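Enquirer: Chains G and Y supply the protein sequences, listed in that same order.
Residues in the first sequence are numbered from 1 upward in steps of one, following the working numbering.
Residues in the second sequence are numbered from 551 upward in steps of one, following the working numbering.
Keep in mind the hints are simulated off the structure, nothing from the lab.
The structure displayed is predicted, hence computed values, not measured ones.
Hints are not guaranteed to be accurate.
[As the list claims (entries may be wrong)] The following residues of chain G were derived to be distant from chain Y, with all beta-carbon distances above 10 angstroms:
no. : residue
1   : Ala316
2   : Trp356
3   : Phe370
4   : Gly469
5   : Val487
[To be verified] Some chain Y residues judged to face chain G by a derived CB distance under 8 angstroms, without partners named:
no. : residue
6   : Leu691
7   : Ile704
8   : Ile705
9   : Gln707
10  : Asp871
11  : Leu874
12  : Phe881
13  : Met882
14  : Val885
Where a beta carbon is used, it is the ideal one built from N, C-alpha and C, also for glycine.
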Amino acid sequence: MTRSLLLLSLLVTWLAGVPASHAQSPEALKALADLAADNAEKREAAVNVLGGTRDPKWLELLAALRDGNVYARTQGKALEVVVGGTKSTKGDAELIDIASAYTRTALGTVPVASLTEIAADRRLRIAIKPFLDADETRAQLASADPERRRGAALKLGHQADASAAVVVEAAIAKESVDRVRETLQQAQALIRLAHGQAADRILAAQSLGNLHSFDAMPALQGLAADPGASRAERDAATHAIRQIERWSLLVRTVETLFQGASLASILLLMALGLAIVFGLMGVINMAHGELMALGAYSTFVVQNVFRARWPEAFDAYFVVALPVSFVVAAVVGVILERGVIRRLYGRPLETLLLTWGASLIIQQGLRLWFGAANVDVSSPSWLSGGFALMNGLTLPVNRLFIIALAAASVGGMYGLLFRTGAGLRIRAVTQNRAMSACLGVRAGWVDATTFALGAGLAGLAGCALTQIGNVGPSLGQNYIVDSFMVVVTGGVGKLAGTILAAAGIGGLNKGIEPALGAVFAKVAILVMVILFLQRRPAGLFATRGRSAEA
Amino acid sequence: MPRREAVALGVAALLLVVALPICNALPTSSPLHLSDFRLNLFGKFLAYAILALGLDLLWGYAGVLSLGHGVFFGLGAYAMGMHLMLEIGAKSVYQSALPDFMVWNQVKELPLFWRPFYSGAFTLAAIVLVPGLFALAFGFLAFRSRIRGVYFSIITQALALSAWLVFNRNEMRLGGTNGLADFKTIFGFSLNQASTQRGLYAVTALVLVVAYLVCRWITNSRAGKVLVAIRDSETRVLFSGYSPARYKLFVFVVSAVLAGVAGALYAPQVGIITPAKLGVLPSIEMVVWVAAGGRGTLVGAALGAFGVNWMQSWLTTSYPDLWLLFLGGLFMGVVLFFPDGLVGALARTATRMMRLTRSASSTATPTESARSREAPRTGHPRPEPVSRTPLQ
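Build the full structure now, drawing on both the sequences and the hints.
Expert: Next up, the structure:
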């Protein structure tokens with residue numbers, strides 16, 4: 001314990017100030033000689049002296065020592081410490097390039113047998129570690145990457161070491177990024193809370209409360225329950241705890257809302273295609289999930305092609321995969337529609353069984369082709385990572401992307417249906433097939449394009465799902481029943497019904513999940529949907545009047 | 551019941567209930583011997599056939615397609631399984647009065663809802679009542695609010711998914727993913743003995759015959775005619791002063807009870823019941839039995855259950871990769887090319903033959919020709935109305 005404290009203070013003085021002495025001072029040189037000594041105490045002391053110089057070159061020597069690359073050799077009467085480099089073999093003698101300990105000037109190639117390795121035992125490695133760690137922390141604090149600076153600040157806060165206060169203060173003064181500065185301030189407050197006077201601790205507690213620092217909760221709770229602390233201190237700590245708890249409630253609410261929005265957008269992406277086809281043809285496409293799986297596997301294939309052909313443009317693969325998965329699923333959809341579904345118009349239950357059969361075949365086909373195991377789709381770099389919304393809440397970029405994609409799909413759908421001639425024809429056939437046909441709309445053509453569109457949307461959803469879940473042959477099965485529920489709840493009258501139902505089911509699901517767990521939340525959703533259908537048997541936006549009971 | 555059907559049924563009943571067990575009891579050397587394994591397999595298929603009868607009554611006659619019958623099957627099977635688990639008693643691996651899975655899960659005492667299953671009479675009642683009451687509650691809510699067509703199918707599919715999820719949970723105290731297994735005795739008879747299995751088989755066959763009679767009685771009754779009318783045009787039935795919801799609810803409960811009984815007969819013969827039997831896929835597979843055999847014919851449903859499952863047990867052992875492809879192909883092929891299934895196709899061929907013979911000799915009686923004209927229409931429902939709605 002004492003030793004580690006000593007080491008810590010050593011490391012911190014070194015972090016803080018300027019180099020105390022010239023690097024190759026007599027002390028350092030003596031320590032270097034001691035390294036070769038056959039005495040554990042002496043060697044440890046030598047490490048402390050060398051580390052204490054804070055000289056990067058000596059630190060490199062310590063790193064080499066830890067890795068077992070430092071040797072001693074006899075030069076005349078004296079022992080010389082050298083650093084080993086590349087090993088080679090000549091005949092049956094093993095040779096090694098060596099360099100001097102500090103300046104690293106090459107000293108030629110000698111047989112390994114002529115050297116004695118200075119073995120770094122556990123004790124020595126423990127002695128070395130804080131120096132190298134501190135060096136790393138310092139490098140991180142000076143790094144150009146704000147995330148690395150923030151990581152270093154978090155670490156310093158966790159250690160809450162009194163002597164690091166100076167470093168942290170200096171870093172705060174230099175820091176230009178708000179988030180990193182806040183973390184540094186948190187570290188500073190944590191240090192003060194741990195080591196400061198009563199007045200300091202009150203200020204620190206207040207500042208931690210204002211910073212909404214979750215990391216400080218244990219320390220603050222400790223202070224609030226500490227009988228040795230003054231009343232003012234305890235009050236400040238309790239107040240800060242309350243502030244942080246309120247903040248955490250807010251964070252959790254926003255998080256649940258976000259998760260609900262995320263699930264809703266996934267459901268919406270899937271249900272959109274289903275709903276259009278259902279509205280137009282009264283057909284529930286049970287193969288919708290497998291069309292999604294096709295989209296996901298297309299993404300996988302595009303990814304592999306990029307990895308093999310254009311590894312430098314790997315990040316762009318996803319941009320290509322989106323349209324490709326749309327087209328692949330749309331083509332399979334058209335084949336399904338023109339090939340078989342067309343023959344069963346007006347018989348929704350038969351179509352349901354037919355598409356289920358198709359789904360089994362596609363699923364098994366994927367299993368035979370790609371194997372039953374999940375395949376690996378890696379995210380492009382621009383879709384990984386998170387967007388820090390507020391202290392304690394980082395939103396994953398891939399989920400944000402899916403929300404955006406769902407919004408874009410809905411927007412595109414509205415534009416298509418209400419701003420183009422094709423959309424006009426789709427609406428006409430949906431409303432009255434026979435009359436549209438009489439007026440010259442090619443109903444069969446409209447059916448095929450609509451089905452292609454619905455299938456393509458499924459492919460798009462599958463492509464998006466590769467970024468957040470596993471890609472396997474049964475990918476479609478996991479979400480499909482949920483998206484059916486969305487369609488049934490939304491009704492076929494309006495697209496708005498689908499959107500509302502997706503938002504409602506997604507939000508409710510995530511809202512009750514913390515209380516009931518994932519399984520019973522699903523069951524609760526089913527019960528709610530059934531009860532909801534008591535009031536509105538044909539969904540949110542049912543059709544009224546004559547056409548409803550055709 | 552027409553005399554021809556009665557005779558056919560009698561022959562089939564004799565064959566299934568009496569002849570096959572006797573074949574099984576014959577010495578192994580006899581050419582007519584039926585192995586224990588085969589008989590057991592047939593017993594399982596006959597249990598499925600009971601379920602298929604109920605499903606056909608619901609779908610083929612009333613036009614209500616349930617994709618969640620695995621749930622009712624599972625409820626019956628679990629009710630029976632719970633009794634069998636308790637019958638094991640301290641003969642289990644852990645020598646505890648509790649079922650083994652409870653010992654693994656560190657359950658200290660038997661949950662309350664397990665206790666009544668010590669009683670055999672209660673179990674037999676539960677096999678009928680649990681699926682029946684559940685179907686009554688679910689069907690009441692569904693039919694009252696006029697959920698119909700694909701909406702009903704989707705809702706029942708969600709039911710199957712939910713039930714599968716729930717039965718998989720360990721805290722339901724129903725064995726989780728592993729289900730209930732390792733049964734030793736049934737009402738005191740050892741399940742390892744061939745004679746017990748033979749008895750179970752005979753009971754299953756007998757129940758199948760009784761179930762067939764009940765279903766036939768329903769379809770021949772006035773209610774049966776209303777059911778077909780509902781299938782063909784529910785709105786017209788409603789406007790004629792009937793309440794379609796009540797008829798549908800009635801037939802839904804009957805079919806759920808048949809499914810539960812089938813499950814209860816299945817569990818002791820197969821020796822295990824797991825949540826995998828009541829999920830989405832098994833539930834929809836049941837529909838294809840009925841579709842393949844011919845819906846709206848009762849006989850077709852039973853034959854379909856038998857045939858498809860025989861095919862499955864052969865394919866999954868010989869070509870495991872092909873089974874799902876075959877099943878998918880069966881779904882598509884039946885729907886596209888044989889909408890009235892095997893029995894319908896046979897009936898059509900028979901009619902054609904009859905017409906040929908009639909044109910050869912013009913002595914056919916009027917009744918015969920009337921019947922032959924009716925034959926191909928069996929159980930092929932009219933296209934259902936599709937609501938067409940504007941997207942706004």
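Enquirer: Evaluate each hint against the coordinates.
Expert: Status of each hint after checking the structure:
1. Every C-beta of chain Y lies more than 10 angstroms from that of Ala316/G, the closest at about 36 angstroms, which supports listing it as non-interface.
2. With 10 angstroms as the threshold on Cβ separation, the claim that Trp356/G sits away from chain Y is violated: the shortest Cβ distance comes to roughly 6 angstroms.
3. No Cβ of chain Y approaches the Cβ of Phe370/G within 10 angstroms, the least distance being about 13 angstroms, so the stated non-interface status holds.
4. Separation of Gly469/G from chain Y is adequate, the least Cβ-Cβ distance of about 17 angstroms exceeding the 10 angstroms criterion.
5. With a closest Cβ-Cβ approach of about 8 angstroms to chain Y, Val487/G is found to fall inside the 10 angstroms limit, against its non-interface label.
6. Because the closest C-beta pair between Leu691/Y and chain G is about 6 angstroms apart, less than 8 angstroms, the hint holds.
7. Look at Ile704/Y: its Cβ gets to within about 5 angstroms of chain G, closer than 8 angstroms, so that hint holds up.
8. Residue-level restraint check for Ile705/Y holds (minimum Cβ-Cβ distance to chain G is 6 angstroms; threshold 8 angstroms).
9. A least Cβ separation of about 6 angstroms between Gln707/Y and chain G falls short of the 8 angstroms threshold, and the interface hint therefore holds.
10. At a threshold of 8 angstroms, the smallest CB-CB gap from Asp871/Y to chain G is about 6 angstroms, leaving the interface hint in force.
11. Residue-level restraint check for Leu874/Y holds (minimum Cβ-Cβ distance to chain G is 4 angstroms; threshold 8 angstroms).
12. For Phe881/Y, the suggested interface contact is upheld, since its CB lies about 3 angstroms from the closest CB of chain G, less than 8 angstroms.
13. Restraint check, Met882/Y versus chain G: the minimum CB separation of about 4 angstroms is within 8 angstroms; hint holds.
14. Nearest Cβ of chain G to the Cβ of Val885/Y: about 4 angstroms, under the 8 angstroms cut. The hint holds.
Comparing the model with each earlier hint shows violations of hints 2 and 5; every other hint is respected.
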